[in-house]
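Going by the working numbering, the first residue of the sequence shown is number 25, and it counts up by one from there.
Hints were generated in silico from the structure; no laboratory data involved. We put the CB at the ideal spot given by N, CA and C, even for glycine.
Taking CB as the label site, the calculated pair distances span:
| id | residue 1 | residue 2 | range |
| --- | --- | --- | --- |
| 1 | Asp-330 | Pro-235 | 24 to 32 angstroms |
| 2 | Leu-334 | Arg-226 | 26 to 34 angstroms |
| 3 | Asp-26 | Arg-238 | 36 to 44 angstroms |
| 4 | Pro-345 | Ala-34 | 52 to 60 angstroms |
| 5 | Asp-167 | Gly-123 | 30 to 38 angstroms |
| 6 | Arg-313 | Gly-413 | 27 to 35 angstroms |
| 7 | Arg-194 | Pro-357 | 20 to 28 angstroms |
| 8 | Ala-53 | Leu-334 | 20 to 28 angstroms |
| 9 | Gly-321 | Asp-104 | 40 to 48 angstroms |
| 10 | Arg-260 | Gln-201 | 28 to 36 angstroms |
| 11 | Arg-311 | Arg-238 | 35 to 43 angstroms |
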Amino acid sequence: MDELGAHAAALVARHPGDARLRRVGTSRAGTPLWLLSVGHGSRHALVVAGPHANEPVGGATVLRLAERVLAAPVTGEAADITWNLLLCLDPDGSRRNEGWLTGPYTLGAYFRNFFRPGFLEQPEWLPDGAEAAALPETRALLDLQDELRPFVQCSLHGVDVGGGFVELTRDLPGLAQRLAHTAARLGIPRELGAYDSLYWPRLGPAVYRIPAPRRRDLAAAITEAAVESTWFHPDRHGTLTAVVEAPMWGVAAVGDGSAPTDPEAVLRAVSRALRDDTRHLARLLARARPHVAGVPGADRLLAPVDDYLLVCPGLADAWDPDTDDGTARALPPLTNAHLAALRIAGRRLVLRTAGLIHRLVRAAGDDPAGVLPDLDRLIDEWCADYRDGLGARWIPVARQSEYQTRMVLAACRLAGRQARACSRSGEATWGPGAAVPIHGE
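All chains, full assembly: derive it from the sequences and hints.
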């Protein structure tokens, strides 16, 4: 947690003329939100790391990006860019993932120590619109967007199991080719049928366009993500937003764009498993809940559990060809990549739920309901399905970070060519202020 801030402060100390660190907000727990800025250009690029607590690679990426920009001779159009790197948008949530960040990097360790806040506590979302944004982290990001008016914003996300892909608020010709080249060079599978973008327009292989935001109920918002967000807020300034997803455990099958032999059979199996697993977890939670209610911070762990248990039955029905009554949104034409992504997504939802319940019971210090053995068995079984059934393999952090760095640089170059508006320059004050503990990879 301390490493990211310490590295950023050291970088500023080495480059006091070209880099500066300033506080742009404070988290709910009182942790400063730090912005590392590099360069003196009149146009601004904004890169947001750590928007989701369980996706830490962005911290390594912003440091790598800063070092690369400072090391390279800057000429021509690139010399007119200031890089603004938000070190971590959710430092409080990131602290809660410390149990797995030091390794070993196994699926079991990850899910048993997993934390991600409930949907309404995720700082990139604006469920009630920008004016009603309540989280201080969200307000800090909105203010930063309005101050900088960036021509490009990159939000750094991490897929726990799957492949790499990019989501855009508008088309960026040439990015799909850059992604294909980068992924091939680094051995990163491309996610050609990403679950997040199942219903979204495809701009190219593994590149998707985020639909215009609209108000939705919570279940639809979680599963379709086409709601008001900080991705679209700076659109008024001409900003293009790119959400860059890098996988931690790669699965080759998410890159198989061929037609499946029997997609309905796969959908039935995935739906049945999700439905059965959700019921099992709901029963385990009902047994454990009376004994964990008094655990400090239990409400923050239970909120995402309740979110997942809310949406899983509906997802199972939406994917199951035998439950279609004509009123549900039809699935798009499916490839083997889509089916692999749906299988991964179903497992992800129940593994996250099981891991959060596991954390709660451990934090209580006692297990009078006897749920831990069942949870351990389920987590081991489902992780084995990822590892042995889908071939999930750990991707070293250096490769995850290099993939994101190259995609951010590519998005910046391409967006700079089509920028519709100029950004304002600089901050009012400079200075390499001391960093405080911030989440590090």
